[in-house]
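Let chain H serve as the given structure and place chains F and Z on it in line with the hints.
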Amino acid sequence: MNTLIAVLRNPDCARELSPSQWEALLGEGRRSRMLARLHHLLAHEVPDLDLPVAVRDMLSGHARYVAHMHVLVRSELRGLGKLAAQVEYPVILLKGAAYLMAELPFAAGRGLSDIDVLVPRHALPDFEQRLRDVGWEFDPNLTAYDNQYYRQWSHELPPLRHSDCSLELDVHHNLIQVTSRSALDVAPVIERSERVAGTPFYVLAPTDRVLHSALHLMMSDELRGGIRDLYDIHVACLHGAERDANFWPDLLAHGRALGLLRPLYYCLSLAGDLFGLEPPDTVWHTVLAARPAYPVDRLMSTLMRWHLVPQVDQPWRVTAAEQLLYLRSHWIRMPPGLLLRHLVQKSGLMAS
Amino acid sequence: MMHGWQLSSHDTLILEEIGDCVAVYSNATGETHLLDALPAEVLSCLSSGACLTHLELAVAVAKVADEPWENWLPQVCNVLERLASMQLVERFAR
Amino acid sequence: MRLGSDVDSFSATWQRSYASLDVLPEDEVCHFRIVVERQLGARRWYRPQVVFRIEGLTPFDPYPLDHAFPMFEWGLNWCIAMSAHDYLMLHSAVVERDGCAVVLPAQPGSGKSTLCAALVGRGWRLLSDEFGILRHADGCFLPLPRAAPLKNASIPLLRDFAPHLGFGPRYAKTRKGDVVHMFPPGDSLQRQADPARPRFIVFPRYEPGAALQLQEQPPEVAMTRLVNNSFNYRVSGALGFRSLCRLVRECASYQLINGDLSEAVAAVESLVQAREP
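Residue numbers (the working numbering), protein chains in the order written: chain H, 1 to 352; chain F, 353 to 446; chain Z, 447 to 723.
Hints in this document: simulated from the structure, not taken from any laboratory. Note that beta-carbon positions come from the ideal geometry of N, C-alpha and C, so glycine has one too. A couple of the hints might just be wrong.
[Said to hold, decoys possible] Far from chain Z by the CB rule (all over 10 angstroms, computed), these chain H residues:
id: 1; residue: HIS68
id: 2; residue: ARG74
id: 3; residue: ALA85
id: 4; residue: PHE106
id: 5; residue: VAL171
id: 6; residue: ILE190
id: 7; residue: ARG243
id: 8; residue: PRO280
id: 9; residue: ASP281
[Stated by the list, open to error] Simulated coverage check for chain F against chain Z, where a stretch passes if three residues somewhere in it have a Cβ under 8 angstroms from a Cβ of chain Z:
id: 10; segment: 361 to 371
id: 11; segment: 381 to 392
Pulled out of the complex, with its shape left as it was, chain H reads as follows (with noise of 0.2 angstroms):
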């Protein structure tokens, strides 16, 4: 087995870990961004081992530069708590940067690269003055088909920079692309949305925050680091079922209400595979259901392994396997006829 997996279902077994395994372990880490993970995981539930030099040194290397990106994002939301406090929608955190604000015992060591806010689509325009107020701005180097792209297909606004922060702001007023086959009707998203005490935020609700890390490992186009994105669903469902009785049953409810009971199939299963993951019975049951036709399911299943655990002796299948969830995750978001003309105007065909 992969030796990131086993220590990340059992953080024990890194007591018997061989020299090589340590360095397999070091490369699976780096692979998969999960070294700053790693260096919480270990301290956290096998505080009294003494790590090798070097994997000590990689490890807690990598978890300060992570915990750097955490000051500059709350240093961020300083800022833009000020703007959240001032209007009547919510201002809805998501991914690492809710993790951090809520405090979920998972945002240690969660690297992050930019911030993500989701807001209702009728506030959309009013958020986005705000934020040009204060000094936000769009790339300039942005063409106008980018922008109009954004603006008419994508469920973000353009990326956003500002002068004073190093990180990039991605405002959302959807959980998927607009254009997607299976489109999404984020109203009970938003409305069950709950505040971070003593903050001016929201985030999404803990079953809601599953649903959505489902749905973006399933459909990203970025692949490497699914093994974290894994993780995360796995750990996130771990602390939703130990803080609320009810957390199940209200997945798999809100999950069918949104018809994200395919991706949440695909995710249990994988979390259960890989991590040992284990809904209850009758949750699982219902999930099953949505499991598509055999030759599908194992297809599916089989891609994603060869992408999630690579064999470093097969290369050749992790790229095989990027390349082709790459094409199924364009083809989920977007009708055919518009991937082709997107495929083609980035390829640059167009221009001439």
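Structure of chains F and Z alone, referenced to chain H:
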């Protein structure tokens, strides 16, 4: 209502004397600032967590310098504005 | 580090540069597993290229095959700069003699590498040419002895000044012009596990034709310059702040403007001699 000044509420500062200056590190912003004597004295007056008005600060600074506090008032106000722009201090209604 | 390569000319240069290093035992964990290999495909024969891989990832575009060694040196620096955040990394050369380390922080083009190589030619130990690695716990610099790239006019200058040093092949027309590496002396490599305590900070600046000027700098000026000189000062947070405060308090700082290499070397040596009882 009077306005006082205090250290930024979400921050902790580290102060170290370097040559003729005081180097200040802000844990909240991760920024480093090199301050000369007056701003450093103002910060150290506030470092106990006190919330002081600009008048009280001018009096405290004047005591150290052994001069009438009126002489210091404009400079103290100026320094407070600068420290606020560095996010080291903030206005506080008391 | 574990390194693999299928490029013979690269392996030969690497072995000449690092001949004195001990081989990492099998049962010791390394920081980086790096492969320098030929790019597959049609370009294997037509203008062949070489790629740098770390743990199977390829962070940079390929280089021409005959520039494999500079690519490796640059790539390894990149790996260290991205990972070693447990230490404060300064863009500085560090040399040591008699337990007294001199830190030479500078931007590219200031003659830092040239001065560093010349001091090494005079028998100083090379800790690093590019990366000053400062350990927060005790304020000592850790050695990272590596081949030091000399550029353009520095190449003949150093060959004249210290002909006994080992030099690598000439790489023409790199991004920084012509480059020849000075190989790290054997005893610097042998002592790569011995840290050194810094005593002087010297900011060198080469100005053609300038008369020598060695000016003491107040610690707050040195502090400001080092904040801007560090690769990861902000990442290091409060630890970096405390370490830099300690560094500028414990070291005497100087600005060294020079137009002549021998004079600059003599000025640095005089600082250290004056200190000795």
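_Hint compliance check: list the failing hint numbers for this structure, sorted ascending._
As far as the earlier hints go, only 1 is violated by this structure.
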